[in-house]
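Order-wise, the sequence lines are chains X and Y.
According to my numbering, the first sequence holds residues 1 to 423 in order.
According to my numbering, the second sequence holds residues 424 to 846 in order.
Simulated from the structure, these hints should not be mistaken for laboratory data.
Misleading hints may appear alongside valid ones.
Said to hold, decoys possible - Cross-link-like lysine to aspartate or glutamate pairs, in silico, EDC-like; alpha carbons within 16 Å at most:
(1) Y:Lys-535 - X:Glu-364
(2) Y:Lys-665 - X:Asp-418
(3) Y:Lys-446 - X:Glu-364
(4) X:Lys-112 - Y:Glu-787
(5) X:Lys-23 - Y:Asp-760
(6) Y:Lys-446 - X:Asp-366
(7) Y:Lys-446 - X:Asp-337
(8) X:Lys-112 - Y:Asp-789
(9) Y:Lys-446 - X:Glu-318
(10) X:Lys-23 - Y:Asp-789
(11) Y:Lys-660 - X:Asp-418
(12) Y:Lys-660 - Y:Asp-777
(13) X:Lys-242 - X:Glu-353
(14) Y:Lys-535 - X:Asp-380
(15) X:Lys-23 - Y:Asp-756
(16) X:Lys-242 - Y:Asp-841
(17) X:Lys-112 - Y:Asp-803
(18) X:Lys-76 - X:Asp-45
(19) X:Lys-23 - Y:Glu-787
(20) X:Lys-208 - X:Glu-353
(21) Y:Lys-535 - X:Asp-366
(22) X:Lys-237 - Y:Asp-841
What the hints assert, rightly or not - Estimated spans, in silico, between C-beta atoms of each pair:
(23) X:Asn-102 - Y:Glu-506: 23 to 33 Å
(24) X:Ala-66 - Y:Ser-522: 33 to 43 Å
(25) Y:Lys-427 - X:Glu-288: 37 to 47 Å
(26) Y:Asn-525 - X:Ile-98: 40 to 50 Å
(27) Y:Thr-607 - X:Arg-254: 22 to 32 Å
Small disclaimer: the values here were computed from a predicted structure and weren't measured.
From the three backbone atoms N, C-alpha and C, an ideal C-beta is built for every residue, glycine too.
There are 2 protein chains.
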Amino acid sequence: MEIKDYMQQIGRSARTAARALAKADTHLKNQALLAIADAIERERDVLLAANERDVARARENGLDAALLDRLTLTAKTVASMAEGLRQVANLPDPVGEISEMNYRPSGIQLGKMRVPLGVIGIIYEARPNVTADAAALCLKAGNAAILRGGSEAIESNRAIAACVREGLMQAGLPEAAVQVVETTDRAAVGELITMRDYVDVIVPRGGKGLIERISNEARVPVIKHLDGICHVYIDDKADIEKAIRIADNAKTHRYGTCNTMETLLVAAGIASQVLPELGRIYTDKGVELRCCAATRNLMQQAGFGWLKEATEEDWRTEYLAPVLSIRIVSGLDAAIDHINSYGSQHTDAIVTEDYSRARQFLREVDSASVMVNASTRFADGFEYGLGAEIGISTDKIHARGPVGLHGLTSQKWIVLGDGQVRT
Amino acid sequence: MEIKDYMQQIGRSARTAARALAKADTHLKNQALLAIADAIERERDVLLAANERDVARARENGLDAALLDRLTLTAKTVASMAEGLRQVANLPDPVGEISEMNYRPSGIQLGKMRVPLGVIGIIYEARPNVTADAAALCLKAGNAAILRGGSEAIESNRAIAACVREGLMQAGLPEAAVQVVETTDRAAVGELITMRDYVDVIVPRGGKGLIERISNEARVPVIKHLDGICHVYIDDKADIEKAIRIADNAKTHRYGTCNTMETLLVAAGIASQVLPELGRIYTDKGVELRCCAATRNLMQQAGFGWLKEATEEDWRTEYLAPVLSIRIVSGLDAAIDHINSYGSQHTDAIVTEDYSRARQFLREVDSASVMVNASTRFADGFEYGLGAEIGISTDKIHARGPVGLHGLTSQKWIVLGDGQVRT
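Could you build all of it, start to finish, from the sequences and the hints given here?
The following block contains the structure:
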């Protein structure tokens, strides 16, 4: 009951702050962002000391190396947090943008105005830099934010939150525009995701387990990212040089990102022309290959020995690691069918020079990003020109793919008249 | 368990049909819509006979007059169902629309393509015409539909569904593109709103109770309409003639619609110039007035006697009836504050000739439709040029206000390249 009261109080304050923020002009919001950046740079040593205490405690508690890595702040990451805030200040303000104004036969002039969503709840794990990034995006889009970071990062988050508050106050914006949940009690999350009166949308960031749990229990809309099981399909009308370049880059540019290719599909008619060369590239880079029967045969004949067999489970797996499943398919229809059946509707690419096949792939692949002759690695907010991203959505409602400032807004209808009435 | 199996089977069939529909070209979808319209006209007597059985049973069960009215089909309503289908066939196809294609510095060309959502579940009460309307909109937007109408209308809905299936078959589209849930067991709704693998969005249509229950229990995104507590604010810089015309029309054009004004706000500086005349119009038309203290005093002095006092509850009430609450406010800020506190974020209008106040009202009123010098009654799909509407959303996520074909689609990102890779 105490936690419930505490969270309700945070919710009420956020709702009040959201109204003030929705009115705040661009200059004021940018001033706050720049003041927060300054405070973070000035308080660098305080932030690093708080973070050291978090890291020491996490080490005692036996956190694994990857988590410790994400938790740890350095002088460099503090500087890039401040830099991120300044970049968001430089982005155009999405709020108030008016579009599609047209006269209707009744004489009214109808259009749309972009407006903040209201209050955004962000739930994340051990990364303290999310505190600054998420605060910046929510603020710029005119939303109040309630931030609930992992308990491992509580001291770091409090220290960053103090800088955020200072910046808000300097700009004359309400302190409650960005609130950090100060308790590590898990019940706080349960409250946050069910306070419909006070929270307009939840953005969970973290592992699939966290996101599934939240979206199961939430009573507030959730913008979520689940798997990134991305495919490249090399069509038999592909340009071989482009195919190899893209299939190499999509897998090996970075292994741990959600837009990395996890399954390579190759048309039977071109398999022998591309797979042996790609096989050499992948094995040179230490990528483990898991192959369908046809691929195993082809690669064995090409001198690779018997590669590992892909199981049904492999087609559904996001490795996030130097592992790749490969399947030879009869052609475009089979490739689309594989992608729509096993994929995660994240990002999928075709390599082809054939106009009609490119068109069919674009139309029929039901994913947030669908590409022709480009690496799946392009699917992110920076490459898409969103400036920054709050996450990548694998939902279909509201926002698909990389979510930037626009995804944190909605559009209302506006009507301008001269006294028109319905008759 | 039987109901669960039955609904899962419907869900699986819908998912398969949705894939076929997403590929279906515009001509095929229009052919199906026109064939359904023909079938409905041809089977008019069968439809009316089925409906008579529903109405007779409803009468026996003591359904109230308003519900009976909504349940009853006539030759005229059957004809307008067919006409509605033909109108939807005439609307432009939203699917495949490509927009905002621009080159990025990396050389990729990035844009958006409008695509179907997938499977839409519609849950509605006694109106059988929703079966045809909803089927038409879902089909045109490339979505499969699962329709669950009220048990009172089950025979009418089955008869309409038979016409829909015939039209789909004639066009060579899968019958499962539109499925009517054939059981009146309430557990079917519970399944429908939690089948995340098979349903992409739920649109409940009906009373507030139904919609709240569904949105509380749903595990699938819901596009919902709750209250329509709409306001007109007459500013002291209003043109008096426009103010009276709009305040009259917004209340008295129709009483039972969600975009009807329920509370009239009047700036203190203009109250004595508009309220007595409006009071005469409203009382002549039989509208009951519930007033704040200042309004009561003013109206008493103007010869109306002591009008009924508005309670706190009145400001939060959607009357859907010839009742109006009236409040005199100090000015624009107080009006906006009242609307954002007591309103339902549906549709609100200001009457003013003042440029800056109009701008402030447009920016600060957080409703799906915000109007200047126009009647709130304009907030509907037909007047907004959407051609038809599946409902009016009071949500902020995905779709706000009248929801037409676009609200039943989403946009995916598309990327066209010439072999670009990330470096």
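Now the hints, each set against the structure:
1. Y:Lys-535 - X:Glu-364: holds (14 Å)
2. Y:Lys-665 - X:Asp-418: holds (8 Å)
3. Y:Lys-446 - X:Glu-364: holds (6 Å)
4. X:Lys-112 - Y:Glu-787: holds (14 Å)
5. X:Lys-23 - Y:Asp-760: holds (13 Å)
6. Y:Lys-446 - X:Asp-366: holds (11 Å)
7. Y:Lys-446 - X:Asp-337: holds (13 Å)
8. X:Lys-112 - Y:Asp-789: holds (13 Å)
9. Y:Lys-446 - X:Glu-318: Distance ~28 Å between Lys-446 (chain Y) and Glu-318 (chain X) Cα, so the pair is violated.
10. X:Lys-23 - Y:Asp-789: With a Cα-Cα distance of about 11 Å, the restraint between Lys-23 (chain X) and Asp-789 (chain Y) holds, given a limit of 16 Å.
11. Y:Lys-660 - X:Asp-418: holds (14 Å)
12. Y:Lys-660 - Y:Asp-777: Within the cut-off at roughly 6 Å; holds.
13. X:Lys-242 - X:Glu-353: holds (10 Å)
14. Y:Lys-535 - X:Asp-380: holds (14 Å)
15. X:Lys-23 - Y:Asp-756: holds (12 Å)
16. X:Lys-242 - Y:Asp-841: Holds, because 8 Å separates the two Cα atoms, which is no more than 16 Å.
17. X:Lys-112 - Y:Asp-803: Satisfied, since the Cα-Cα distance of roughly 14 Å is no more than 16 Å.
18. X:Lys-76 - X:Asp-45: holds (12 Å)
19. X:Lys-23 - Y:Glu-787: holds (6 Å)
20. X:Lys-208 - X:Glu-353: The hint is violated at about 36 Å.
21. Y:Lys-535 - X:Asp-366: Cα-Cα ~13 Å, so holds.
22. X:Lys-237 - Y:Asp-841: holds (14 Å)
23. X:Asn-102 - Y:Glu-506: 23 to 33 Å: holds (25 Å)
24. X:Ala-66 - Y:Ser-522: 33 to 43 Å: holds (40 Å)
25. Y:Lys-427 - X:Glu-288: 37 to 47 Å: holds (41 Å)
26. Y:Asn-525 - X:Ile-98: 40 to 50 Å: Since the Cβ atoms of Asn-525 (chain Y) and Ile-98 (chain X) sit about 20 Å apart, the hinted range of 40 to 50 Å is violated.
27. Y:Thr-607 - X:Arg-254: 22 to 32 Å: Between Thr-607 (chain Y) and Arg-254 (chain X), where Cβ atoms are some 54 Å apart, the hint is violated.
Checked against the numbered hints above, the structure breaks hints 9, 20, 26 and 27 and satisfies the rest.
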